[in-house]
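S.K.: Keeping their order, the protein sequence lines are chains L and F. For the first sequence, position 186 matches number 186 in the numbering used here, and the numbering has no gaps at all. For the second sequence, position 94 matches number 94 in the numbering used here, and the numbering has no gaps at all.
Accuracy of the hints is not assured; some may be wrong.
Intra- or inter-copy, both count: the list cannot distinguish identical chains.
DSS-like, lysine-lysine: derived pairs with alpha carbons at most 30 Å apart [what the hints assert, rightly or not]:
no., residue 1, residue 2
1, 43, 210
2, 280, 104
3, 104, 74
4, 124, 74
5, 124, 252
6, 311, 280
7, 210, 70
8, 311, 192
9, 43, 192
10, 138, 43
11, 43, 252
12, 43, 258
13, 43, 280
14, 125, 324
15, 125, 252
Bear in mind the hints are in silico, worked out from the structure with no lab data behind them.
Here is what each chain is made of, one letter per residue.
2 protein chains.
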Amino acid sequence: MPVGTQATVKTQSPDELEQLGAEIILGNTYHLYLRPGAELIEKAGGLHSFSGWSRPILTDSGGYQVFSLKALNKITDAGVEFQSHIDGSRHLFTPENVVEIQRKLGADITMPLDVCTEYPAAHKKASFDCRRTFDWGKRAQAHWRESPGDQVLFGIVQGSIYEDLRAQCLQEIVDLDFPGLAIGGLSVGEPKEDLLRILAFLAPLLPDDKPRHLLGVGTPEDILDAVFYGIDMFDCVMPTRNARNGTVFTRKGKMTLKGAIYADDFRPIDPDCGCPACRKFTRAYIRHMLAVGEILGLRLTTAHNLYFYLKLMSDIRVAIAAGKYACFREARLLELSGGVDQLF
Amino acid sequence: MPVGTQATVKTQSPDELEQLGAEIILGNTYHLYLRPGAELIEKAGGLHSFSGWSRPILTDSGGYQVFSLKALNKITDAGVEFQSHIDGSRHLFTPENVVEIQRKLGADITMPLDVCTEYPAAHKKASFDCRRTFDWGKRAQAHWRESPGDQVLFGIVQGSIYEDLRAQCLQEIVDLDFPGLAIGGLSVGEPKEDLLRILAFLAPLLPDDKPRHLLGVGTPEDILDAVFYGIDMFDCVMPTRNARNGTVFTRKGKMTLKGAIYADDFRPIDPDCGCPACRKFTRAYIRHMLAVGEILGLRLTTAHNLYFYLKLMSDIRVAIAAGKYACFREARLLELSGGVDQLF
Numbered sequence: 001m002p003v004g005t006q007a008t009v010k011t012q013s014p015d016e017l018e019q020l021g022a023e024i025i026l027g028n029t030y031h032l033y034l035r036p037g038a039e040l041i042e043k044a045g046g047l048h049s050f051s052g053w054s055r056p057i058l059t060d061s062g063g064y065q066v067f068s069l070k071a072l073n074k075i076t077d078a079g080v081e082f083q084s085h086i087d088g089s090r091h092l093f094t095p096e097n098v099v100e101i102q103r104k105l106g107a108d109i110t111m112p113l114d115v116c117t118e119y120p121a122a123h124k125k126a127s128f129d130c131r132r133t134f135d136w137g138k139r140a141q142a143h144w145r146e147s148p149g150d151q152v153l154f155g156i157v158q159g160s161i162y163e164d165l166r167a168q169c170l171q172e173i174v175d176l177d178f179p180g181l182a183i184g185g186l187s188v189g190e191p192k193e194d195l196l197r198i199l200a201f202l203a204p205l206l207p208d209d210k211p212r213h214l215l216g217v218g219t220p221e222d223i224l225d226a227v228f229y230g231i232d233m234f235d236c237v238m239p240t241r242n243a244r245n246g247t248v249f250t251r252k253g254k255m256t257l258k259g260a261i262y263a264d265d266f267r268p269i270d271p272d273c274g275c276p277a278c279r280k281f282t283r284a285y286i287r288h289m290l291a292v293g294e295i296l297g298l299r300l301t302t303a304h305n306l307y308f309y310l311k312l313m314s315d316i317r318v319a320i321a322a323g324k325y326a327c328f329r330e331a332r333l334l335e336l337s338g339g340v341d342q343l344f
Numbered sequence: 001m002p003v004g005t006q007a008t009v010k011t012q013s014p015d016e017l018e019q020l021g022a023e024i025i026l027g028n029t030y031h032l033y034l035r036p037g038a039e040l041i042e043k044a045g046g047l048h049s050f051s052g053w054s055r056p057i058l059t060d061s062g063g064y065q066v067f068s069l070k071a072l073n074k075i076t077d078a079g080v081e082f083q084s085h086i087d088g089s090r091h092l093f094t095p096e097n098v099v100e101i102q103r104k105l106g107a108d109i110t111m112p113l114d115v116c117t118e119y120p121a122a123h124k125k126a127s128f129d130c131r132r133t134f135d136w137g138k139r140a141q142a143h144w145r146e147s148p149g150d151q152v153l154f155g156i157v158q159g160s161i162y163e164d165l166r167a168q169c170l171q172e173i174v175d176l177d178f179p180g181l182a183i184g185g186l187s188v189g190e191p192k193e194d195l196l197r198i199l200a201f202l203a204p205l206l207p208d209d210k211p212r213h214l215l216g217v218g219t220p221e222d223i224l225d226a227v228f229y230g231i232d233m234f235d236c237v238m239p240t241r242n243a244r245n246g247t248v249f250t251r252k253g254k255m256t257l258k259g260a261i262y263a264d265d266f267r268p269i270d271p272d273c274g275c276p277a278c279r280k281f282t283r284a285y286i287r288h289m290l291a292v293g294e295i296l297g298l299r300l301t302t303a304h305n306l307y308f309y310l311k312l313m314s315d316i317r318v319a320i321a322a323g324k325y326a327c328f329r330e331a332r333l334l335e336l337s338g339g340v341d342q343l344f
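Whenever a hint applies, use it, and build me the whole structure from the sequences.
M.R.: What follows is the structure, encoded as structure tokens:
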């Protein structure tokens, strides 16, 4: 799902996102709580109405942002005290009020406040964070159940790179019978082999009847691997953030469009791509847009990358339905490893 | 015509511009000559092909930019020496090479190099600039005639706020039989009454069979007045630049969308406007976009302002065709003077 941190997927309109094939987008509770505020969005009728996006929305718990934006002030059993990265004002997130905030935001899928363990972390620290994440998940669920409404609340599994912690946390979350599971604390700096090891370890333990979301992952390669280990849903800023740096994804690898070699390259980014940027514009034109700082350049690279990711997921679904996912994954990984310079 | 300085009308795609009703856009020769360069655009097949805009394009002479961007180094009868505002490199514009540059850019309507007299200027200085503008216009036309192609070259009338200079310059340019006339050097800081006085003075002198372009003007009020004095065509950054500052135009005056009073205002910018921003988004949402620096906000305010200007021109054409322009102008000026706060 494309990431729409501040009630917009950067550079794109809701209509464009639909045309690109987006079926759900993510909003960041932390950012929306600070600006424009959950009350304002509630007054607007919720995020869908406020932003003009009518398909599903998932909001995260805000926990990851409090940690990653260095906004953290103090963490206790009660919750997380943090300072706004905008004006330094002090705030408190608790398992209960984070449910309330997301209720006001009006997302379809919500997340309980969790502790995203940084990497590296000792086993003892990871275990402690796991315990707190579980306690908070339980409190969030209890609070949510007081007035469940139309939203669903997923459970979050932490545990860093430790298999025993992951197994224990998963079992406890499964026992609480959330309607979906989110796996957090991966792709936070750990080696790729640890990501794959944890996913492979968890794969046989995941309940068959619950959707599985892998938070904040990842590269096209990561997604191909994670789906192999049973992951259904992803959110990641990679397609949109890379686009704004001028990096575009293709089936044959990444391309850095700011490069001088593209100055007089009048081919589309990817001749085989059906996205709005590739149907109408050349590498040379998009490079010019990026070089002179024109917004249209960011719009086009973003549209291309989102289309690429959404098409990848669509292709994955087709391959799974055909019972050919293992081969599909190998073939796509091979193609991605080729490197764009050799192939275009 | 919307201004597309760097081969894009800021924030908009070519398709969107068409949908907004744009029939022609302007490109800036000075900027395009520096980046990406006229040769590259020629290699791409010209500006239309390079930028994906298939309707007409007008390119200016670059003269105004050389003066207004303080890039000017030396001006002689031969041409203008200037330094790039980007890297300080030295360049020379002559009447002849500016024709060649615009030939490579491939615009439909081109302009000869001129001297845009700054305001205020003494009569002697304005007279001298007028003479040079005329000499350069003649040289540009002679050079253009060596291989005219499909492009047309307009003539430019200068003369600051002096009626005698304006009359003389106009007559000389008319005698050269350019296919269209551009009036330059207005809206450069002079009082509004001087703009109107010069336009009123020139009105009876303008040839009936040539389109008249007023360079770089203006506000909705200026346009209503200038059309009254016989102007047919305009270009101005006002709709796009104001949009990026959060100022939007309505029939009832301007609105500064960043204002706190719009934070929870869930109406469209203008309930009677049919633009893409007003059909789908609220003031509160657009204000949020602008407040947090999201590109979608700039896209929406720009789309609204361009739609407003293009609709104004369209309404003007209807009123002229109906023989009711004088009343139309009075009614619209009255409406615009009301001020948005009273009326929305």
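S.K.: Indicate, hint by hint, whether the structure satisfies it.
M.R.: Here is what the structure says about each hint:
1. 43 / 210: Answer is neither: 33 Å inside a copy and 55 Å across each miss the 30 Å cutoff.
2. 280 / 104: For residue 280 and residue 104, the Cα distance is within 30 Å only across copies (21 Å; inside one copy 40 Å).
3. 104 / 74: within (25 Å within a copy, 63 Å between copies)
4. 124 / 74: within (19 Å within a copy, 73 Å between copies)
5. 124 / 252: neither (42 Å within a copy, 66 Å between copies)
6. 311 / 280: Answer is both: 18 Å inside a copy and 27 Å across each meet the 30 Å cutoff.
7. 210 / 70: neither (33 Å within a copy, 65 Å between copies)
8. 311 / 192: within (24 Å within a copy, 56 Å between copies)
9. 43 / 192: neither (43 Å within a copy, 44 Å between copies)
10. 138 / 43: Classified as within: same-chain Cα gap 29 Å, cross-chain 64 Å, threshold 30 Å.
11. 43 / 252: between (46 Å within a copy, 27 Å between copies)
12. 43 / 258: between (43 Å within a copy, 19 Å between copies)
13. 43 / 280: Between copies only: 17 Å across chains, 40 Å inside a chain, cut-off 30 Å.
14. 125 / 324: Answer is neither; intra-copy 41 Å and inter-copy 80 Å both fail.
15. 125 / 252: neither (40 Å within a copy, 62 Å between copies)
In this structure, the earlier hints numbered 1, 5, 7, 9, 14 and 15 are contradicted, and the remaining ones agree with it.
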